[in-house]
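Chain by chain, the residues:
Protein chains: 2
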Amino acid sequence: MTTRVEVDLGERSYPIFIGPDVGVEQNLISSTVQSDTIVIISNDIVAPLYLSRIRDQFNSRNCLELILPDGEAHKTLGSFERIMTFMLEHRVDRSATIVALGGGVIGDLAGFAAASYQRGIAFAQIPTTLLAQVDSAVGGKTAVNHPLGKNMIGAFYQPCAVFADTRTLATLPDRELSAGLAEVIKYGLIRDREFLKWIDINLDDLLKRDDDALTFAVQRSCENKAVVVHEDEREQGNRAILNLGHTFGHAIETAQGYGNWLHGEAVGAGTCMALRMSHRLGWLDEVDMKWGIDLLKRANLPTRAPRDMGTDDFMQLMARDKKNIGGKIRLVLLTDIGAAVVTGDYDAGALSATLAEERARS
Amino acid sequence: MTTRVEVDLGERSYPIFIGPDVGVEQNLISSTVQSDTIVIISNDIVAPLYLSRIRDQFNSRNCLELILPDGEAHKTLGSFERIMTFMLEHRVDRSATIVALGGGVIGDLAGFAAASYQRGIAFAQIPTTLLAQVDSAVGGKTAVNHPLGKNMIGAFYQPCAVFADTRTLATLPDRELSAGLAEVIKYGLIRDREFLKWIDINLDDLLKRDDDALTFAVQRSCENKAVVVHEDEREQGNRAILNLGHTFGHAIETAQGYGNWLHGEAVGAGTCMALRMSHRLGWLDEVDMKWGIDLLKRANLPTRAPRDMGTDDFMQLMARDKKNIGGKIRLVLLTDIGAAVVTGDYDAGALSATLAEERARS
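Sequence order for the protein chains is A and B.
For what it's worth, the working numbering labels the leading residue of the first sequence as 1, then goes sequentially.
For what it's worth, the working numbering labels the leading residue of the second sequence as 1, then goes sequentially.
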């Protein structure tokens, strides 16, 4: 059974199809993506598993394929240029559609390529990781990394459709499943206490990759994200709550070198830091803080920053965060489970203490 | 006296200020561009002439300056990356405004950088060539070149304001003034017969750089462009008429190497080819064809393609044009002076004959 979630953005609205049959359902993908020329962009891990299935759906079309090396280390301007060259060499015109088949790296990279190729062509997302299905494939944030910061070069550019085939999660490494759960738990923490309760009860089923549990988790995550993005597509304000744990997390990713910590792992540790800081500020009860940290731990995520990162490392890297305005580090913090704020207006001592605690822990 | 033309694009609307006092008028630029951080991007020809004047207007702000080498050869992804690195090194945040001070290359490059830096920050255009003032600075087309084609990587991204200081045209080399006139004449040819008559009468004043004549030519060109862009911002249809002569012209620029022929020069020769082909198809009277060619010639523009380009060269390069759909080369052609169409529906023999004529001429 396939579930459908709508992202309502006026003329840029699009559907998200979710379920274990999305990848095989007759005509679902091919009738939604109608271009004569299809450019499938994937990576060398996902392509051997799923590319032929997708290619078959476009059997009478002009179907081009570009397989990039897997991993965050390749989410660069260099890979972006490689896609541009590939499409120009094949004389791809503006009527084509790019289909991103893979995780967040492929989606972000292919999305920015779609946004920029001849000033913009259509693209569709077929996310194959839990993290991409619940987060990065939805909402139109595309980007590549720069050595000085993550996702610093990109565009807001919406896909024409997202196909979340939950059956592709069967082949996902355990670490990546956990990384996706960090974002699932995030939705509960920032705006959906009921969902957090559901996650608490169903976490073991999610870890066992139960189809129904995964489909519901993806659906409810996408519903939450769709509402936030509908209200603030270009992150002028409240959309930034989706970045809970990401300011600390991006600092961890950058410091460790892209790909050594998975994005979701860094977000897991970063979310624990945000929970601790929210509690330290007196905004969040101890029991709620512990509930959040415990869920992340049960999802097999790191709950602490890497040992070799000091306060200065964090401060320097966080100073480059996209949310900052006028030199002030803005953070997503919780005032309750299900209630987040984006603010630079907090006691600076609480931030220092939170960072110092990571280092000081035994 | 400063003239103001509005580009009406809903929430992306913006003003164009035109005239000889735009660069010195008290508070005009500084009150329109309000960010605390200003990143001025210019080139090594324009910066020594005009940068200090602009910098002075932002005297109490955090004003960063990046000076790039002049010329179309530098409108590359490499220069784009250099801008990104510069801004990240200086910890420029999303509240900053990029100010593009220069011709079309700087405007297109800085505009794409503004569109992509942290997924989009504000930018203002201060075009210092006639071509940029009448065309490239207005309408939100930003891009860099790829070795396989011009403007192939970019975005539709509108500035927050355009400041066309016609006095900067005093220092413009003659060749560049003529290149700009190619686009001025274009507006008359595609949609404004009255303006073409005015150009015919005032061409000598324009070549002598008379302030009033230049201001009027820039104003009328911008008014024409504003209407076309208002009706079709993302070039889904009629906006492509602004590309009269550009399909042939881009082929010339690419074949000759960017910068050896100025863009406007290539457009001048390309427009003559489009006029000849329109006449060959029986769509345009001989007298009108000759009128157009004669005006371009009087503006000191080339009226023929370079001798070393054959039919195959053109066909191969034109096959990559962004307007093409389904392998068909779409061209902007005239059905009358002041009436243009974008079409792939023409007698292919007329195209071959037009290309052959360039080669065969004595």
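Simulated from the structure, these hints should not be mistaken for laboratory data.
Accuracy of the hints is not assured; some may be wrong.
Stated by the list, open to error - In the EDC-like style, the derived pairs of lysine to aspartate or glutamate whose C-alpha atoms are separated by at most 16 angstroms in a straight line are:
1) K297/B with D174/B
2) K197/A with D345/A
3) K328/B with D345/B
4) K328/A with D308/A
5) K328/B with D36/A
6) K328/A with D345/B
Need the list of violated hint numbers for this structure, in ascending order. 2, 4, 6
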